[in-house]
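Use these hints to put chain E with the ligands onto chain C, whose structure you have.
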Amino acid sequence: MKAQTNRLNPQPNEGAEETSPYIIELRQISHIYNEDSVFEKRAIDNVSLKIKAGEMVALIGHTGSGKSTLIQHLNALLKPSSGMVLINGKDIHTDKAKLKSIRQRVGLVFQYPEHQLFEAEVFKDVAFGPNQMGLTEEEVNTRVKSALEVVGLDESCYHKSPFELSGGQKRRAAIAGVLAMRPEILILDEPTAGLDPRGRDEILSQIKHMHTKLGLTIILVSHSMDDAARLTDRILVMNKGCIICDGTPIEVFAQGEMLKNIGLDVPQISSLMTCLHEKNSNLPTGIFSVEAAADAIMKLVRP
Amino acid sequence: MILGEKLTFEYAAYDETPPVLTLKGVDITVKAGEFIAILGHNGSGKSTLAKHLNALLVPAEGTLWIKGADTKDAENTWRIRQTVGMVFQNPDNQIIATIVEEDVAFGPENLGVKPTEIRKRVDESLAAVGMSEHSLAPPHHLSGGQKQRVAIAGVLAMHPECIVLDEPTAMLDPSGRREVMETITKLNRESGMTVILITHFMEEAAQADRILVMDDGVLVMNDIPRNIFRQAEAMQKLGLGVPGVTELAHELRRRGLDVADDVLTIEEFMSDKAIKSLL
Ligand SMILES: Nc1ncnc2c1ncn2[C@@H]1O[C@H](COP(=O)(O)OP(=O)(O)O)[C@@H](O)[C@H]1O
Ligand SMILES: Nc1ncnc2c1ncn2[C@@H]1O[C@H](COP(=O)(O)OP(=O)(O)O)[C@@H](O)[C@H]1O
Ligand SMILES: [Mg+2]
Ligand SMILES: [Mg+2]
Numbered sequence: 006m007k008a009q010t011n012r013l014n015p016q017p018n019e020g021a022e023e024t025s026p027y028i029i030e031l032r033q034i035s036h037i038y039n040e041d042s043v044f045e046k047r048a049i050d051n052v053s054l055k056i057k058a059g060e061m062v063a064l065i066g067h068t069g070s071g072k073s074t075l076i077q078h079l080n081a082l083l084k085p086s087s088g089m090v091l092i093n094g095k096d097i098h099t100d101k102a103k104l105k106s107i108r109q110r111v112g113l114v115f116q117y118p119e120h121q122l123f124e125a126e127v128f129k130d131v132a133f134g135p136n137q138m139g140l141t142e143e144e145v146n147t148r149v150k151s152a153l154e155v156v157g158l159d160e161s162c163y164h165k166s167p168f169e170l171s172g173g174q175k176r177r178a179a180i181a182g183v184l185a186m187r188p189e190i191l192i193l194d195e196p197t198a199g200l201d202p203r204g205r206d207e208i209l210s211q212i213k214h215m216h217t218k219l220g221l222t223i224i225l226v227s228h229s230m231d232d233a234a235r236l237t238d239r240i241l242v243m244n245k246g247c248i249i250c251d252g253t254p255i256e257v258f259a260q261g262e263m264l265k266n267i268g269l270d271v272p273q274i275s276s277l278m279t280c281l282h283e284k285n286s287n288l289p290t291g292i293f294s295v296e297a298a299a300d301a302i303m304k305l306v307r308p
Numbered sequence: 005m006i007l008g009e010k011l012t013f014e015y016a017a018y019d020e021t022p023p024v025l026t027l028k029g030v031d032i033t034v035k036a037g038e039f040i041a042i043l044g045h046n047g048s049g050k051s052t053l054a055k056h057l058n059a060l061l062v063p064a065e066g067t068l069w070i071k072g073a074d075t076k077d078a079e080n081t082w083r084i085r086q087t088v089g090m091v092f093q094n095p096d097n098q099i100i101a102t103i104v105e106e107d108v109a110f111g112p113e114n115l116g117v118k119p120t121e122i123r124k125r126v127d128e129s130l131a132a133v134g135m136s137e138h139s140l141a142p143p144h145h146l147s148g149g150q151k152q153r154v155a156i157a158g159v160l161a162m163h164p165e166c167i168v169l170d171e172p173t174a175m176l177d178p179s180g181r182r183e184v185m186e187t188i189t190k191l192n193r194e195s196g197m198t199v200i201l202i203t204h205f206m207e208e209a210a211q212a213d214r215i216l217v218m219d220d221g222v223l224v225m226n227d228i229p230r231n232i233f234r235q236a237e238a239m240q241k242l243g244l245g246v247p248g249v250t251e252l253a254h255e256l257r258r259r260g261l262d263v264a265d266d267v268l269t270i271e272e273f274m275s276d277k278a279i280k281s282l283l
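Residue numbers (the working numbering), protein chains in the order written: chain C, 6 to 308; chain E, 5 to 283.
Here chain C stands alone, though its shape is the one from the complex:
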């Protein structure tokens, strides 16, 4: 995929010369929790990975497979036990002073981020991050407004208490808090968990929008096979600290048995298409959306 310009970040960061075609590169990283104790746990096992600017990637894997550990390496919240993490071609651990700028360039939205909303007003909450960056008040306000606009929260929400928002709106306010720091890379850890279907659709379409319109590089960690299939064109599958599969949704979901064996699944429409294909091989597999499935079935009716 072609790298897109980032509208949230019109001027490239100083010093971030484009030496690498990859915005993110992991070179053989391992992470061991509680090393040399009885609780020693190898959570990441020799993972290498390259992601280009402007890609939208899903990361799936059962609970405990290492997803959260892996993504925390990308904004230097965790340091690998061995291996190297490069952002824009630079090892992020060579220069300590740069860590702050890394955290700003790589925005991480944790699971259930709305639990971390604490200001009395939505606007102030979103302003918290940029306020820490030493920007002028005017710049902070501009950023907060545009971030809230991106997640689809209008002025009527600015001075509401986060408590007055719906579940989906709260989550979007929390995402805006990270966006207001204007990251180049946005990582979301299960952004739709616990939301009702409308809240889920709203968040997903906002994420899609941030990708296509703002050119952000996005990593979506998800337990929803449907979300991964619908939203991204590359899926990474984690199991026991390793990336065991890296491909398009069609390639990944063609391996239904393997996915079930490691605690995952395939989207319901995709299972259905597999069943139909077994009965009539004119029906294709590798379909994930209702529209595409309807198109394929109607082709049999009116070829």
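The reader is advised that the hints may include incorrect statements.
Here are the simulated DSS-like cross-link-like pairs (lysine-lysine), alpha carbons at most 27 Å apart as the crow flies [to be verified]: (1) C:Lys284 - E:Lys277; (2) E:Lys35 - E:Lys71; (3) C:Lys165 - E:Lys241; (4) E:Lys35 - E:Lys55; (5) C:Lys304 - E:Lys280.
No lab work stands behind these hints: they were computed from the structure.
All of these numbers come straight from a predicted model, not from anything done at the bench.
For chain E with the ligands alone, coordinates are given in the frame of chain C:
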């Protein structure tokens, strides 16, 4: 088993937030042995209603009887909590002990059950959720789905007649969701346990005997899954949806194919007449 008439409930005002009428005259009946799913957008009042069912909250107006006992009467609280067990969303907040079987024993211990009887209940409950072989494991070594099954076992050990699960699968991966759903349906079908499942997954609700739909504190639908999901547009307006295969069936109907409008599963879709004629 459960009979509630015109239930209303309002959370007290706090800070500058005005009080919200969260239940607005809800009527609910649940028969012994039924499997009920409750759907509704975030904030529609599902958890508030659930907390009424084991007297964690009592209605401001209206009356709720659990096996004939009025939940407003404090003398009944103890018996009601024993009759109706609750399982919550977050598997990490529900397990307190450092060993699985101790956690399951916690409830019956509190009830003052004899040690020999506790042993028996713990073993039976862990077997019922398929966790016997992990009885001595520390809970933090378990997956999310396993932790939720331990939480369910903890409730079973109190010998309830009804179990209320408030979004028990929301934080789980696909295999965890499958494990929990299999456990719930087995308890209902094989042991006749009354089950009330709150969920945002339409495919899970499709497995229930009956679905209740909440919208802003009002119970707006109450029917079998087939009749609920037939109303795809109404569900969408409520911020909800229908199972993927049902949505596909509706889309095909829109395009002129005569598929039934109430298919709920892949199996039903495959055996639909219009689909079969194409295969
Ligand atoms: N802070 C920690 N200390 C020790 N072990 C941990 C810690 N965080 C995670 N782990 C372990 O590392 C493994 C990977 O966990 P995690 O990255 O959270 O997986 P996921 O996000 O895929 O559920 C698990 O076995 C987990 O128990
Ligand atoms: N402890 C509380 N104090 C005040 N208001 C609450 C409390 N819990 C829930 N509410 C409000 O009651 C309404 C219904 O909430 P809830 O029953 O949790 O809905 P659901 O479980 O369907 O998401 C919401 O508007 C919510 O903000
Ligand atoms: Mg995680
Ligand atoms: Mg709730």
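### Message
Checking each numbered hint in turn, tell me which of them this model violates, lowest number first.
### Response
none
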